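Colleague: Please put together the full structure from these sequences, using the hints given.
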Amino acid sequence: MTAEVKTRAIDSEKITINLFPVDLGQIDLLVQQGFYANRTDLIRTAIRNQLQLHADVVRQTVARDQLILGVQHYSRADLEALQAAGETLNIRVLGLATIAADVPPELAAATINSLAVLGALHASPAVKAALKGRIT
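Mapping of the sequence shown onto this note's numbering: position 85 corresponds to residue 85, and the numbering continues sequentially without gaps.
Just so you know, these hints were derived from the structure itself, not from any lab.
As the structure is a computational prediction, the values presented were derived from the model and not from experiment.
We treat Cβ as the ideally placed atom computed from N, Cα and C, and that holds for glycine.
Worth double-checking, as some hints may not be accurate.
Computed Cβ-Cβ distance ranges for the label pairs, DEER-style [to be verified]: (1) D56 / N90: 35 to 41 Å; (2) G86 / Q66: 19 to 25 Å; (3) F35 / G70: 40 to 46 Å; (4) V22 / E87: 41 to 47 Å; (5) L69 / I135: 33 to 39 Å; (6) K128 / D23: 33 to 39 Å.
Modeller: Next comes the structure, spelled out in structure tokens:
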């Protein structure tokens, strides 16, 4: 199982936010004045600045809670090997956790004790349903 800290644009997640009209107008003004390429550029920059401001807290929490930082992928072969060895997983990821599309729900349920993801979880609906009570 490999962890990758870098993510590609296609690995990004879409979020929706609500802004007051005055805030949105100020964003549009800054875009119009050329400070940012578009609304998304300003919002991403603001988020990155806040994450950088709180980077020490993130690092300490990752270490304390033993979180995997970045992208963690679990293949069918990974889970079959765990099952053959009689082992199970407690998955804790800050970033993106993916469970391969070919993983049957029964295999996921037999090998994953708990699943905590701060970020995004990509898994089939059947696997998510099988792990429903174990996802925190």
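Colleague: The structure should be examined with respect to each hint, and the outcome stated for every one.
Modeller: Structure-based check of all given hints:
Taking the beta carbon of each, D56 and N90 are about 26 Å apart, not inside 35 to 41 Å as hinted. The hinted range of 19 to 25 Å is satisfied by G86 and Q66, whose Cβ atoms lie roughly 22 Å apart. With their beta carbons about 30 Å apart, F35 and G70 fall outside the hinted range of 40 to 46 Å. A beta carbon spacing of about 55 Å between V22 and E87 contradicts the range 41 to 47 Å that was offered as a hint.
L69 and I135 have their C-beta atoms about 19 Å apart, which leaves the hinted 33 to 39 Å range violated. The given range of 33 to 39 Å is respected by K128 and D23, whose C-beta atoms sit roughly 35 Å from each other.
Comparing the model with each earlier hint shows violations of hints 1, 3, 4 and 5; every other hint is respected.
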